[in-house]
Amino acid sequence: MKSTFYFCLPFTLLFTSCVSIPEKRAQQVDEALAIAPTYATSEYPDLELVDSLLELFDAPQLKQLVEQAWAHNPNLLIAASEMDEAGFNFEKSRGALFPSLSGNGAASRAGSNSSAASNTFSASLDVEWEVDLWGELRNQTRAAQADQFTSEANYQATRQSLAAQTMQAWFNLIAAEKQLNLAERERDSFADTHQLVQRRYEQGIVTITEVELAHTDAASARADYESSKDARDQSARALKALLGQYPDASLSASTNWPALDRSIPSGLPSELLLARPDIIAAYQNIRAADALARAAYADLFPAFTLTASGGRSSDTLSDLGRSAFDVWSLAGQISAPIFEAGQRRAEVGAADARAEQAYQNYRAVVINAFTEVENALNSEAYLAREETARLEALAAARRAEAKSLRDYESGLIDILDLLEAQRRVFSTEAQTISLHNLRLSNRVSLALALGKGF
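Numbering of the sequence shown is given in this note's numbering, commencing with residue 53 and proceeding in unit increments.
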């Protein structure tokens with residue numbers, strides 16, 4: 053059962069009703085979501101387990117690309133600058149807790165028609181300190197510190213995400229290179245078939261219709277080849293953009309896939325809350341919002357300020373530093389809200405609503421994190437079985453193509469059967485390339501979802 057506390061000063065009761073102290077939602081995060089003891093998936097890959105994303109693949113070129121992205125990607129550099137800014141903002145907010153000291157100097161010359169002109173020089177040191185009786189400044193400082201922690205977590209999240217995006221872009225480039233090679237083979241294969249049918253037509257064995265059908269597939273294969281070249285260049289540009297470089301298509305990748313023999317240990321769901329930087333950032337946002345809500349509440353009550361000043365005045369500039377100050381003052385000031393048409397009370401309500409938004413955002417981030425983990429874990433098994441079946445289908449399609457070619461040359465089948473057998477081979481092989489790319493990308497997504505970016 054939650055307790056609500058009320059606090060009012062006697063003279064403020066004349067003009068405003070009591071306002072409840074905002075509750076601390078950061079203390080409620082354990083109630084944000086019922087967490088399962090283990091992940092729902094029951095199938096885990098039997099692979100070598102590593103602790104970070106960069107250890108997943110034994111690919112030196114890939115690691116070099118990730119390091120280049122970390123060094124030059126503008127979005128990551130922005131996140132680093134925002135982290136620095138948050139640190140300075142925290143120091144600025146923290147400084148408000150201490151007295152401020154300022155020095156002042158003045159010089160003037162005055163005179164009249166009846167007297168000679170005279171000089172006046174003065175110097176003083178002034179001290180001012182706002183007594184943080186209700187904790188407004190302390191809560192503002194706590195909020196600034198939480199913002200600093202948030203920016204640090206956001207930087208780590210951006211860095212991990214950039215590493216994952218770079219790796220997946222590299223896989224996409226490998227896949228595009230393989231698809232281009234496949235399209236080239238498809239183009240050449242259908243061109244050979246067209247020539248074969250043309251020769252048989254010249255021999256009077258087949259009709260012109262079969263020649264045109266073969267011509268159709270040969271022309272379509274040439275068009276697909278050009279499309280694959282465009283896709284390959286776009287993949288290269290996407291990777292160069294992540295590296296913070298001019299997005300030309302000059303980059304090339306190895307045509308060999310990295311081995312899929314390593315994975316990240318999934319651990320327990322409760323460990324995810326401490327591993328993912330986006331969850332940590334969402335929690336720090338709650339802390340900041342809680343502190344700002346309490347600072348808004350403290351702003352309802354009087355502010356106390358102490359000031360002190362000491363100085364010296366002389367008609368000679370050299371006399372200012374020869375003796376102690378001969379003028380001083382000490383004062384205290386209190387200012388209290390009496391009537392503001394409910395503005396400060398409304399700000400308390402608005403700040404409390406923002407804290408509730410931060411809490412619900414935390415819940416959304418946690419739910420999304422577990423969804424990503426569960427999806428990636430389940431996809432590991434599904435994609436592996438799907439790839440096995442696709443490879444089996446590809447082997448069967450290649451056998452069928454070879455037999456169809458022999459049967460066509462023997463006159464046992466017509467051109468439509470041969471062309472269909474050829475199309476099935478290239479279509480199935482294209483699917484296996486895309487599927488293997490998905491498996492590699494999903495392995496990266498799993499590591500990222502588990503917060504194992506480094």
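The set of hints was computed from the structure by calculation and includes no laboratory data.
Note that the coordinates shown come from a computational prediction; the quantities given were computed from them, not determined experimentally.
Mixed in with the good hints, there may be bad ones.
[Stated by the list, open to error] In the EDC-like style, the derived pairs of lysine to aspartate or glutamate whose C-alpha atoms are separated by at most 20 angstroms in a straight line are:
#: 1; residue 1: Lys144; residue 2: Glu134
#: 2; residue 1: Lys455; residue 2: Asp244
#: 3; residue 1: Lys292; residue 2: Asp282
#: 4; residue 1: Lys281; residue 2: Glu262
#: 5; residue 1: Lys292; residue 2: Glu119
#: 6; residue 1: Lys455; residue 2: Glu262
Next item on the list: Given the hint that Lys144 pairs with Glu134, test it: the Cα-Cα distance must not exceed 20 angstroms.
Entry: 15 angstroms, holds
Note to self: Check the hint pairing Lys455 with Glu262 against an upper bound of 20 angstroms on the C-alpha distance.
What the structure shows: 19 angstroms, holds
Notebook entry, point to check: Regarding the pair Lys281 and Glu262, is the alpha-carbon distance no greater than 20 angstroms?
Noted result: 29 angstroms, violated
Next item on the list: Quickly compare the C-alpha distance for Lys292 and Asp282 to 20 angstroms and report which way the hint goes.
Entry: 15 angstroms, holds
Checklist line | Distance restraint between Lys455 and Asp244, which requires alpha-carbon spacing of 20 angstroms or less | finding: Given pair Lys455, Asp244 holds - Cα atoms ~16 angstroms apart, limit 20 angstroms.
Check: Is Lys292 within 20 angstroms of Glu119, Cα to Cα?
Finding: 13 angstroms, holds
Checked against the numbered hints given earlier, the structure breaks only hint 4 and satisfies all the rest.
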